[in-house]
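K.L.:
Sequence:
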Amino acid sequence: MKKILSLSLSLSLSLSLSLPTYAWDSACPKREFRATWFQTLDHADFPSQQGVDDATTANQKAQLERFLSPTGHYNTGNMNVCFMQVRPMCDAFYRSSFPEEPWSRYLTGKRGAEPKYDPLAYAIEQGHKGGVAVYAWLNPYRFATATRMADTLATDYTRTHPDWVVQCGDIWILNPSNPEVRQRVVDVVMDIVNHYDVDGIVFDDYFYQSGYQNAYDDDFYKANNPDGLNRADWRRQQVNLMVKEVNEAIKASKPWVRFGIGPAGVACTSQSVANLYGIPACPAGSDWQYNGIYSDPVNWLYNQYIDFIAPQVYWAIGNSTDYGLITPWWYDVAYKFGRHAYISQSVSDYGKNGKNASEIQREIRLNRTSCHEDAPGYVFFPTLPLINNVRLTTFTKSGSVYTTKCLPPAMTWYVAEPQGLVNDLAVNGSTLSWNYTSDNVKFAIYAIPAADRATADLTSAQNLCGVTYSRSFQLPDGITSASHAIAVTVVDRYDNEYAPRFLGEALLSPVATTLVSPADQAHVVMPSALRWNTIPDAMNYTVQVARNPNFTDVIVNAQTDEAFLSMNKFAALCGGTGSFYWRVAASVANRECCWSETRSFSGAPFCLTTPADGANAVSVNPTIEWVQVDDNTEYRLEIATSNSFRGTDLIFSQNLTTNRYQVEGDVLNFNTLYYARVTANNALMSFTSPSITFTTENVEMVAPEIVSPTDNSILEAPKIAIQVKPTPNNGFYFQVSTSATFPPRTTKKLMTARGELVGEFDNLTEGVWYARVATQKAANDYTDFSPVVCFTFKKTTGIQDVYLLPRATKYITPQGLFIYFDGHKYTVLGQ
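The sequence shown begins at 1 in this note's numbering and counts up by one.
FYI, nobody ran anything at the bench for these hints, they're computed from the structure.
Hints should not be assumed to be uniformly reliable.
Now the in silico label distances, taken between C-beta atoms and shown as ranges [stated by the list, open to error]:
1. T693 / Y122: 51 to 57 Å
2. N712 / E664: 35 to 41 Å
3. S619 / N780: 20 to 26 Å
4. T693 / D227: 22 to 28 Å
5. D187 / L656: 52 to 58 Å
6. R636 / N548: 32 to 38 Å
7. S686 / D561: 16 to 22 Å
8. D42 / D227: 37 to 43 Å
9. R660 / Q213: 54 to 60 Å
Just so it is clear, CB atoms sit at the ideal spot from N, CA and C, and this is done for glycine as well.
Taking the hints into account, I'd like the entire structure generated from these sequences.
P.N.:
The following block contains the structure:
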């Protein structure tokens, strides 16, 4: 490690003048999840030395300090979260309560050898001093590989529970199909949560593994399948149950501990799978994990089993598996289900495959612009390349990427008790200290130039000096009580932030805001927006919405620095009916929290009302209606042939000012399944209804009748135009050939859209031709062909083709001038 660090230092000095400068188009956000996967498997990131002697112990602790202490790499790089791998192979970097989970050989050099300190506890201690959140990263099932054998102790699972372990190629895993294994995973997680002050639990992408055999789960499949699922669905259900039970156990004990998973980077590329969750399919890549390792990450978001998803989108923007397409999709999906996405980005191949400082900058910009509700996030894999690669480290620290400190995005889906002001705020030299009533919080420290105290935006990341879980903080150089107004805020473990207390300023009386809309007992379309009057100098507002007036059943606990809150981010409200109660408290400097009055409202969800969802036999020219929001809202109606509402699947999109529209013309086909949705836009927010499906009327379709040319006629024209008699259709399939048997190689073919009764064939030879036409009933489904028509084609010369209108063609021939329009021939000038 010393050799690596000294090399980095020398490179830093030699390259400092030649590093590129990167432009940035916006300030660093106040809220951002900035993490790394801190890998201990094969001691990739930590530790550089293994052993249990005093010297090795001191070396390992020093490494953790260099990473996590207030002066360590995470803090100097303005990162705020560490995913520390504490269980790489059914082993432990912490004091496990289970004999089968011994101390890791990647820590001590020998599986089961006991170290002289607790690495996880020490990492938490160091990280919390400087405000770095420490998450315990576990591999839920992995036990051993061919090169990483774990079967060395009498207490290993292969000895104590051999029926729990299965071999999949060159990897051994705990059997995900075994209910006892699922319970053990829950117990291992809770062993950590209950004994350590971790900020989160995170799993990576190891679930079932390739090579898993049916014989491994035959008995479990037959005995534990009450839903009668096929084997693939049942295996996904077993993983989903494990995730669900882990989440429930964590939240029952410490609800502020975030639970997330970093699955493979691509999911739901199958529209049929995406339809299960009412989302568009992932627009790039291939979802191998769904049927390969039986991992269904969207299910965990859909059911809100996790707090965040950290998909491993390890490709560059513009790659065939395009980061630029996949990342916005993940943000949209997480937002739809009321959770966060923090995209995992690889730096292990930095300098290769398009991964360089410029690419990382582009990816971070994309994350920031694609996320919702101020919740961007990244998890770099692994940690050492981020630190040791000088160009990347310099770039992230001072290249306009992470130039300021920040707080992680708050979890708004849990109820949090409002916090008060710190007290006994004092400074002694460069040490700022204070007291507070609760231990289960952390603190943010701000410094504003004294001259700007009255006008500065306290919430700006530019004023944030740092975060700590302690009750003291070392002020940066140049920050004193004389030069700056210094303040401390309380940040709860959900990352909600409360009112600042300024050093040397008097405590003021609480002040309440006044609610504006909706009016008390109003009926509103959901989602709507809650509005209230601003309070001068308010840092932010805490909004609570509950199902009862005593607020013992709170369903929304959110913070905003605006004087309104859009409710479209809260699933419990968007589709909610019945009565709700709401109140607001302002966080104002030097003032304790004070709630506003309480108001109630009832809501009806914003949705399409006609046709009904799942309706059949709908007219091909239907009137579509939806709930009206108000007179100041505009709408965009979309109809598509899939739930993606993208590309060629989107067949209709129109902006409207009313809440109803009749689809006219040939937009829709007969007997076809369609998806419809409507988006409402007003001054406060934009929100989209759930999509509905409807199937158009199924009319009897028969083979068409060719009306031109007639059988055994002579067609003199610049091209062959075959016209059929109007009949119900979804388009027509025209064929012409010089043979009455229509051999495939010499037959010309043409498809037309619904209502287009003429098929035109150009650049054909003169002579005898045969024509036949079939009616399209649905996609790839046709009637029988019409009777065959034989005609002689004489191609006229010196003819001028003039296209007048869609589907209108003027022919000037020796016989006169004709116009074909919508399949009808009109004689303009005879012979």
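K.L.:
None of the hints should be skipped; say for each whether it holds.
P.N.:
The hints, checked one at a time:
{"no.": "1", "hint": "T693 / Y122: 51 to 57 Å", "verdict": "56 Å, holds"}
{"no.": "2", "hint": "N712 / E664: 35 to 41 Å", "verdict": "40 Å, holds"}
{"no.": "3", "hint": "S619 / N780: 20 to 26 Å", "verdict": "24 Å, holds"}
{"no.": "4", "hint": "T693 / D227: 22 to 28 Å", "verdict": "24 Å, holds"}
{"no.": "5", "hint": "D187 / L656: 52 to 58 Å", "verdict": "56 Å, holds"}
{"no.": "6", "hint": "R636 / N548: 32 to 38 Å", "verdict": "37 Å, holds"}
{"no.": "7", "hint": "S686 / D561: 16 to 22 Å", "verdict": "19 Å, holds"}
{"no.": "8", "hint": "D42 / D227: 37 to 43 Å", "verdict": "40 Å, holds"}
{"no.": "9", "hint": "R660 / Q213: 54 to 60 Å", "verdict": "57 Å, holds"}
In the structure shown, no violation is registered for any of the earlier numbered hints.
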